[in-house]
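Asker: With chain A fixed as given, assemble chain B onto it according to the hints.
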Amino acid sequence: DVKVTQSSRYLVKRTGEKVFLECVQDMDHENMFWYRQDPGLGLRLIYFSYDVKMKEKGDIPEGYSVSREKKERFSLILESASTNQTSMYLCASWGGVGTYEQYFGPGTRLTVT
Amino acid sequence: GIQVEQSPPDLILQEGANSTLRCNFSDSVNNLQWFHQNPWGQLINLFYIPSGTKQNGRLSATTVATERYSLLYISSSQTTDSGVYFCAVGTNAGKSTFGDGTTLTVKP
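Chains as they are written, first to last, in my numbering: chain A, 77 to 189; chain B, -4 to 103.
I should point out that these hints are in silico values taken from the structure, not numbers from a laboratory.
From the three backbone atoms N, C-alpha and C, an ideal C-beta is built for every residue, glycine too.
Treat the hints loosely; a few may be bogus.
Computed beta-carbon distance windows for the label pairs [as the list claims (entries may be wrong)]: (1) A:S158 <-> B:S23: 23 to 31 Å; (2) B:S21 <-> A:D114: 17 to 25 Å; (3) B:N19 <-> A:D114: 16 to 24 Å; (4) B:Q9 <-> A:G116: 25 to 33 Å; (5) B:N13 <-> A:P137: 39 to 47 Å; (6) A:R85 <-> B:N13: 31 to 39 Å; (7) B:N13 <-> A:D102: 30 to 38 Å; (8) A:V88 <-> B:S46: 43 to 51 Å; (9) A:D102 <-> B:S21: 45 to 53 Å; (10) A:T91 <-> B:K49: 19 to 27 Å; (11) A:M103 <-> B:D22: 24 to 32 Å; (12) B:Y43 <-> A:T159: 35 to 43 Å; (13) A:M103 <-> B:P4: 30 to 38 Å; (14) A:V128 <-> B:Q9: 48 to 56 Å.
Not the full set, but computed from the structure, chain A residues with beta-carbon under 8 Å of chain B [as the list claims (entries may be wrong)]: (15) F124; (16) M164; (17) F180; (18) G183.
In isolation and in its complexed conformation, chain A is listed as follows (with noise of 0.2 Å):
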């Protein structure tokens, strides 16, 4: 079974805090994805990864940067925390064409005061 683990179920952080998330897969799957997840919102894609080294944008970028220097690890990072990236975050991965489904990890749920 893939699974998809992140490195805290929940997080308290302060305002213009550098916030790393990490994300890490044990199924060398290409591809990896961060969304967040709002009441009334939905979830939305923040970033993704087709690689090691590369990145593309999703929906809601602003304010977030990834990296990804290994194939199994998906790093968000929040580069000046606010109050208004107090949400769901949530990890998943692809292992690209034959492996169609997309998998998510347990989320980490960040609260920025």
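Answerer: Same frame as chain A, now just chain B:
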């Protein structure tokens, strides 16, 4: 971009009842998945179904790609089926657009 509409937004059932959830999408897609989000926020894969019909126990799904909709059937519902059901569609390498979900509550 693709628009995804799910209906109904909310559904309340008695245990043992059957239900049908619908997902309409605005353009041709080459991937479609149904997910169940449990109370802890985890998204669980139910079906990958860009076309055709699949069944897994009490759940089944049908996608009619030419008419741009998919249906998720839940039979003999149980309290553990409660949660939010999402439809996600996409045309490019795993990048998906999600519907707003259907919140299902199954009462004992």
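Asker: Indicate, hint by hint, whether the structure satisfies it.
Answerer: Right, here's what the structure says about each hint:
1. A:S158 <-> B:S23: 23 to 31 Å: violated, 38 Å
2. B:S21 <-> A:D114: 17 to 25 Å: holds, 22 Å
3. B:N19 <-> A:D114: 16 to 24 Å: holds, 22 Å
4. B:Q9 <-> A:G116: 25 to 33 Å: holds, 28 Å
5. B:N13 <-> A:P137: 39 to 47 Å: holds, 42 Å
6. A:R85 <-> B:N13: 31 to 39 Å: holds, 34 Å
7. B:N13 <-> A:D102: 30 to 38 Å: holds, 37 Å
8. A:V88 <-> B:S46: 43 to 51 Å: holds, 44 Å
9. A:D102 <-> B:S21: 45 to 53 Å: violated, 35 Å
10. A:T91 <-> B:K49: 19 to 27 Å: violated, 46 Å
11. A:M103 <-> B:D22: 24 to 32 Å: 29 Å Cβ-Cβ, so the 24 to 32 Å window holds.
12. B:Y43 <-> A:T159: 35 to 43 Å: holds, 37 Å
13. A:M103 <-> B:P4: 30 to 38 Å: holds, 34 Å
14. A:V128 <-> B:Q9: 48 to 56 Å: Holds: the Cβ-Cβ distance is about 51 Å, inside 48 to 56 Å.
15. F124: With Cβ-Cβ at 6 Å, under 8 Å, it holds.
16. M164: holds, 6 Å
17. F180: holds, 4 Å
18. G183: holds, 4 Å
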